[in-house]
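Taken in sequence, the protein lines are chains A and B. Under the numbering used here, think of the first position of the first sequence as 1, with each following residue one higher. Under the numbering used here, think of the first position of the second sequence as 379, with each following residue one higher.
Worth flagging that the hints you see were computed from the coordinates, not collected in a lab. A virtual CB, placed ideally from N, CA and C, is assigned to each residue, including glycine. One should not assume that every hint holds.
As the list claims (entries may be wrong) - Which bits of chain A does chain B cover? Going by a derived footprint, with three or more residues having C-beta under 8 Å, they are:
1. 33-39
2. 60-69
3. 168-181
4. 188-197
5. 205-218
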Amino acid sequence: MQKKWHFRMTPVRAVLLCLSLLAVVLAVYRLVFGLGSATNLNDRWPWGLWIGFDVLTGVALAGGGYSTCLLVHVLRINKFKPIVRSAMLTSLIGYLLVMGGLFLDIGRWFNFWAPFVSWGYHSVLFEVFWCVSIYTLIQTLEFGEIATEKVGRSWHGFFKKIMPVLFIVGIVLPTLHQSSLGSLYVIEVGKLYPLWWSMLLPLFFLMSSFFVGPAMVVVETTLAGKAHGHQVETSVLQSLVKVSGSVMLVYLILKIADLFYRHKAGLVLAGNFEGYMFLLEMLAGIIIPLIICFTPGLRSTKGGLLAFSLLVVAGVIINRMNVVFTGMSRYMGGSYFPSFIEWAVSIGLISAGVLAYLFIVENFNILSEEPRVKEIAH
Amino acid sequence: MAKSVLVDITKCVGCGSCAVACKLWNSLKWDQSKPVNGEKAETSAENWTVVRLHQVPKEREKVWRFTKQQCLHCEEPACASACFARAIVKTEQGPVIYRASLCVGCRYCMLACPFEIPKYEWDKVFPQVHKCQMCPERIENGESPACVAACPTGALKYGERSLLLQEARRCLSSNSNYIKHIYGEKEAGGTSWLYISDTDFAALGFRTGVTSRPLPDYTYSILKLTPAVALGWGAVLTGLYAYNRRRKEIAGETKEKKREKR
Ligand code: SF4
Ligand code: SF4
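With the sequences and hints as input, model every part of the structure.
Structural data, given as structure tokens:
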């Protein structure tokens with residue numbers, strides 16, 4: 001394997017680079033001048049875009065790592081092998097971004113270590129914090145196996161050996177914190193609009209993070225197919241989408257049952273903003289994708305697969321936004337709209353993630369499972 | 379042991395002495411644009427307590443009532459249960475206090491509080507969460523909180539929670555003027571500050587319909603599943619991993635054997 005590093009500059013990448021650099025500058029500004037001057041957060045809206053999108057949504061979208069890891073490394077479904085590395089890489093990058101976003105959002109960042117020594121173990125956030133930190137570490141170690149194919153080769157054997165443990169811990173931890181992110185809002189009893197508040201929130205968050213995983217993988221592979229000429233067979237993606245669809249079906253049934261059980265089903269058609277947003281979330285993010293998934297004619301086409309995936313991803317984003325904003329606004333009152341800095345930093349973080357992904361894909365052996373040099377289209 | 383304050387809204391004349399005493403005792407900044415009493419009074423990082431003026435209906439007329447607002451020092455505080463750094467804790471004597479040295483600034487406490495009490499110093503580089511501390515040093519010395527000591531009308535009464543509850547019940551049963559509800563007796567599982575009133579609590583800006591189940595219960599009922607889920611799921615995964623690996627190995631062996639035979 002050649003040891004040269006390469007990174008091809010294209011206009012798109014230049015734009016991404018600028019966006020990332022801008023975000024770095026603004027992030028420094030925020031750390032130096034405080035949250036109040038950088039964001040539009042206020043006493044009524046103490047959590048905004050950075051927590052809602054960068055963290056809550058980011059963690060869910062980065063969930064593709066653990067679901068594919070489960071399918072490939074534990075259940076050993078070999079046909080998913082071609083996508084496993086890329087899925088786990090995206091997940092790692094996603095988590096690093098989440099950690100970045102989280103760090104920017106905490107008001108007293110010099111104290112970030114406090115929960116490591118002062119254990120507020122009765123807090124859901126404590127579980128989230130520990131699990132996300134350790135999981136990010138585990139994912140970094142998992143990446144060690146790939147990295148040592150190119151650098152520090154003498155370590156390769158070591159990483160190979162510890163992989164099974166990493167895989168298992170690396171599935172248990174996300175199971176815990178994906179659901180804990182939902183539990184965070186369980187304490188909003190009587191505040192979060194009843195269409196979303198439920199004791200099952202943790203389960204809903206967990207399931208949705210699971211079924212959005214394959215969707216993210218399809219989106220990625222489609223993009224990677226364009227950029228790197230890496231083609232994954234449609235049949236593989238189809239099976240993946242079917243896994244996702246089955247979980248979604250259970251999710252939908254649970255959601256409906258839960259609404260009836262809590263006698264809140266009527267709210268869906270109440271004709272208010274919350275009702276419409278809920279309908280949008282369910283129709284666009286769950287029901288239409290389910291139809292695509294279980295209609296073989298639709299599922300077998302590239303367009304169908306992509307449509308399914310984009311809708312599921314959008315659905316999960318809408319869901320998280322509904323929990324954080326739509327569902328809370330009636331109680332919280334006041335107003336919040338992210339400031340320019342909040343937007344720019346969020347966008348910049350994503351841009352940096354894309355660049356990191358591209359760089360790693362072009363320099364490490366990600367897109368093919370076999371450790372051989374893959375010629376990259378220049 | 380747990381100390382409490384009983385607020386009799388019918389006795390409050392809205393003088394604002396309590397709010398002034400709070401500012402002085404806790405050395406909080408004054409801000410003309412953020413009054414501590416009147417119609418526009420709102421708690422904030424520098425206003426730990428305010429006396430809010432309300433015009434409310436009573437027996438076909440409109441009357442003025444004043445509500446002192448501050449942290450209610452819940453018996454089982456949601457804010458403390460939400461804090462992952464133990465920066466907020468409930469002391470044995472009742473006050474729910476904040477320890478800035480441990481605070482990370484995640485603001486989850488603000489979201490968790492059922493009464494929207496914790497406020498943030500948005501204008502600071504390293505902001506702290508601010509709210510009434512119930513003067514823990516004074517209580518330790520056997521004194522009442524600064525606001526209670528300053529009240530000229532006896533609208534605020536300080537003492538043992540159980541005794542104050544008894545007294546509140548006595549008031550409600552002996553005087554038909556009062557609404558038959560002690561705010562804080564059951565709200566959020568019970569609070570250290572208790573209120574009695576002769577007008578509807580909702581009209582006075584109190585959050586009504588608060589669950590009487592302590593909020594930490596909700597999350598705890600889920601959190602306590604964590605170890606079981608972690609261990610159980612871990613065991614299942616390990617089992618599956620071992621099983622599937624063995625199966626693949628056997629499959630590999632049989633393939634080889636077949637090849638050998640050929
Ligand atoms: S009123 Fe709010 S801030 Fe005060 S103790 Fe209760 S939960 Fe905490
Ligand atoms: S903001 Fe501070 S006090 Fe509040 S929950 Fe977070 S760490 Fe605890």
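Hint check:
Only residues whose beta carbon comes within less than 8 Å of a beta carbon in chain B count, and the stretch 33-39 of chain A has 5; three or more means the coverage holds. Counting residues of the stretch 60-69 of chain A whose C-beta sits closer than 8 Å to any C-beta of chain B gives 0, which falls short of three, so the coverage hint is violated. A count of 6 residues in the stretch 168-181 of chain A with a Cβ less than 8 Å from any Cβ of chain B is obtained; the coverage claim is therefore met, three being the minimum. Restraint check on the stretch 188-197 of chain A versus chain B: 4 residues with Cβ-Cβ distances below 8 Å, three needed, restraint holds.
Given a C-beta distance limit of less than 8 Å, the hint that chain B covers the stretch 205-218 of chain A is violated, as 0 residues qualify and 3 are needed.
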